[in-house]
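Chemist: Line order of the protein sequences matches chains A and B. With the first letter of the first sequence counted as 1, position 189 gets the number 189 in UniProt numbering; the numbers rise by one all the way through. With the first letter of the second sequence counted as 1, position 205 gets the number 205 in UniProt numbering; the numbers rise by one all the way through.
A portion of the hints provided could be inaccurate.
Below, computed lysine-lysine pairings styled on BS3-like, alpha-carbon distance capped at 30 Å [stated by the list, open to error]:
no.: 1; chain 1: B; residue 1: Lys-50; chain 2: A; residue 2: Lys-107
no.: 2; chain 1: B; residue 1: Lys-44; chain 2: A; residue 2: Lys-121
no.: 3; chain 1: B; residue 1: Lys-121; chain 2: A; residue 2: Lys-121
no.: 4; chain 1: A; residue 1: Lys-50; chain 2: B; residue 2: Lys-107
no.: 5; chain 1: A; residue 1: Lys-137; chain 2: A; residue 2: Lys-50
no.: 6; chain 1: B; residue 1: Lys-121; chain 2: A; residue 2: Lys-107
Just so you know, these hints were derived from the structure itself, not from any lab. Bear in mind the structure is a predicted one, so any value in this text is a computation, not a measurement.
Protein chains: 2
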Amino acid sequence: MLRSCAARLHALGALRGLPGAARPPARSPGPARRSLFLEADFHKDSSLPKPSWSKDMRLLFDQFMKKCEDGSWTRLPFYSYKAVQNVHDFIAFIHGSLPSTAKLVDKEQLSQAQIFTESFKDGLGFEYVMFYNDAEKRTVCLFQGGPHLQGMPGFLHGGAVATMIDATVGMSAIKAEGLVMTANLNINFKRPVPLCSVVVINSHLDKTEGRKLFISCDVRSVDETTLYSEATSLFIKLDPEKNS
Amino acid sequence: MLRSCAARLHALGALRGLPGAARPPARSPGPARRSLFLEADFHKDSSLPKPSWSKDMRLLFDQFMKKCEDGSWTRLPFYSYKAVQNVHDFIAFIHGSLPSTAKLVDKEQLSQAQIFTESFKDGLGFEYVMFYNDAEKRTVCLFQGGPHLQGMPGFLHGGAVATMIDATVGMSAIKAEGLVMTANLNINFKRPVPLCSVVVINSHLDKTEGRKLFISCDVRSVDETTLYSEATSLFIKLDPEKNS
Numbered sequence: 001m002l003r004s005c006a007a008r009l010h011a012l013g014a015l016r017g018l019p020g021a022a023r024p025p026a027r028s029p030g031p032a033r034r035s036l037f038l039e040a041d042f043h044k045d046s047s048l049p050k051p052s053w054s055k056d057m058r059l060l061f062d063q064f065m066k067k068c069e070d071g072s073w074t075r076l077p078f079y080s081y082k083a084v085q086n087v088h089d090f091i092a093f094i095h096g097s098l099p100s101t102a103k104l105v106d107k108e109q110l111s112q113a114q115i116f117t118e119s120f121k122d123g124l125g126f127e128y129v130m131f132y133n134d135a136e137k138r139t140v141c142l143f144q145g146g147p148h149l150q151g152m153p154g155f156l157h158g159g160a161v162a163t164m165i166d167a168t169v170g171m172s173a174i175k176a177e178g179l180v181m182t183a184n185l186n187i188n189f190k191r192p193v194p195l196c197s198v199v200v201i202n203s204h205l206d207k208t209e210g211r212k213l214f215i216s217c218d219v220r221s222v223d224e225t226t227l228y229s230e231a232t233s234l235f236i237k238l239d240p241e242k243n244s
Numbered sequence: 001m002l003r004s005c006a007a008r009l010h011a012l013g014a015l016r017g018l019p020g021a022a023r024p025p026a027r028s029p030g031p032a033r034r035s036l037f038l039e040a041d042f043h044k045d046s047s048l049p050k051p052s053w054s055k056d057m058r059l060l061f062d063q064f065m066k067k068c069e070d071g072s073w074t075r076l077p078f079y080s081y082k083a084v085q086n087v088h089d090f091i092a093f094i095h096g097s098l099p100s101t102a103k104l105v106d107k108e109q110l111s112q113a114q115i116f117t118e119s120f121k122d123g124l125g126f127e128y129v130m131f132y133n134d135a136e137k138r139t140v141c142l143f144q145g146g147p148h149l150q151g152m153p154g155f156l157h158g159g160a161v162a163t164m165i166d167a168t169v170g171m172s173a174i175k176a177e178g179l180v181m182t183a184n185l186n187i188n189f190k191r192p193v194p195l196c197s198v199v200v201i202n203s204h205l206d207k208t209e210g211r212k213l214f215i216s217c218d219v220r221s222v223d224e225t226t227l228y229s230e231a232t233s234l235f236i237k238l239d240p241e242k243n244s
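Isolated chain A (complex conformation) (with noise of 0.2 Å):
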């Protein structure tokens, strides 16, 4: 729907920039850029293997590092961010592309704000890391939810599922044509998924039409015998030298 294009910035070419964005050079970038951009922590990158991961999910990032090797496929990491250096600017910015959204948050607020998919301790909230294919413009997240993400008894929230397969899209996205912003995401749920087991979540780039990006994906069992989820999605490319 043509409407919902004025839609929802949605920080992925800014802070979605940083899981899988190379790591930056020495030299300081642009005022332009450096206003958009955050400080991230280049020593901790969370998608690496933890003890909180299960036999599954090491199994699965063995098999898809393996794909790695001959440069098909490559590891997005995923730096969060400490500082809440220029983020007013980063701000302002989405303020300036949607003067209408409301009041800033206060300076006291940010400086509590953390990253929603990082806000659990290990193995308690959302484990994931995501693998790029280019070639084939394909975004794979192996995701194992953890049990403080629980809806109904055994199983994962809705909106967790929800959470993964709009921050797989958007990685999508964000891979294809940088700074971007959703404008819809529509999801089938299939079956619950077991609460602690991990899923694969396997997106792809259908087309672009001009500024929108049509992305699909499909949330499956590491056997790929069940389908849990199918989602659509829609993304509206972004120009930050408009605003800057």
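Add chain B to chain A, keeping to what the hints say.
Modeler: The following block gives chain B in isolation, referenced to the frame of chain A:
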């Protein structure tokens, strides 16, 4: 889509049956009923005002409590559950409904389980309260998204917004038909929601067709002038007696 009807069982009549459910009678429920419903902690209603609620949240809460005085609206309490008692019965019921659902979660993992929207410290995650108008088949959720739900800097993660939309339309479905499952959730994101702000999620049962329930909602600022998101959903009514 019809195929999406054989979809995800959503705990709505079970786990989500707790919010808004009348306090149970003192007498013991029948065995079939006991096997599906959990033991709630009726001493802790997390939908009551807390020190972490902002001024906007308290003002809106007071306004809706006023609307409750003539009985047209009712506040829906939210009782979290503590015990894992009966959880395995519940999981077995889900697996009975959807036999191809994969492995069961083990007892140790279940002992760590927490409801996703309740797994943050006060003020950091999902702060919300719901009100219901039976005559209008309308559920309103007042939602304050804390600093640990951040997506792009200064704004809520799209997955956190999707989570509360899912919870609110789900509540409309429960109040209308009891035990239900989500089949589809389709969200148009219009504008990013500022972190720590309060939004109003207004959901409405549009129509029922046999076992299908069509529910829509929008997410607006407190003064209703800013439309952040709008969504449609499809739920399927289940018959718990079939599997008990």
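Chemist: Next step is simple, just say for each hint if it's right about the structure.
Modeler: So, going through the hints one by one against the coordinates:
| no. | hint | verdict |
| --- | --- | --- |
| 1 | B:Lys-50 x A:Lys-107 | 22 Å, holds |
| 2 | B:Lys-44 x A:Lys-121 | 24 Å, holds |
| 3 | B:Lys-121 x A:Lys-121 | 13 Å, holds |
| 4 | A:Lys-50 x B:Lys-107 | 22 Å, holds |
| 5 | A:Lys-137 x A:Lys-50 | 28 Å, holds |
| 6 | B:Lys-121 x A:Lys-107 | 20 Å, holds |
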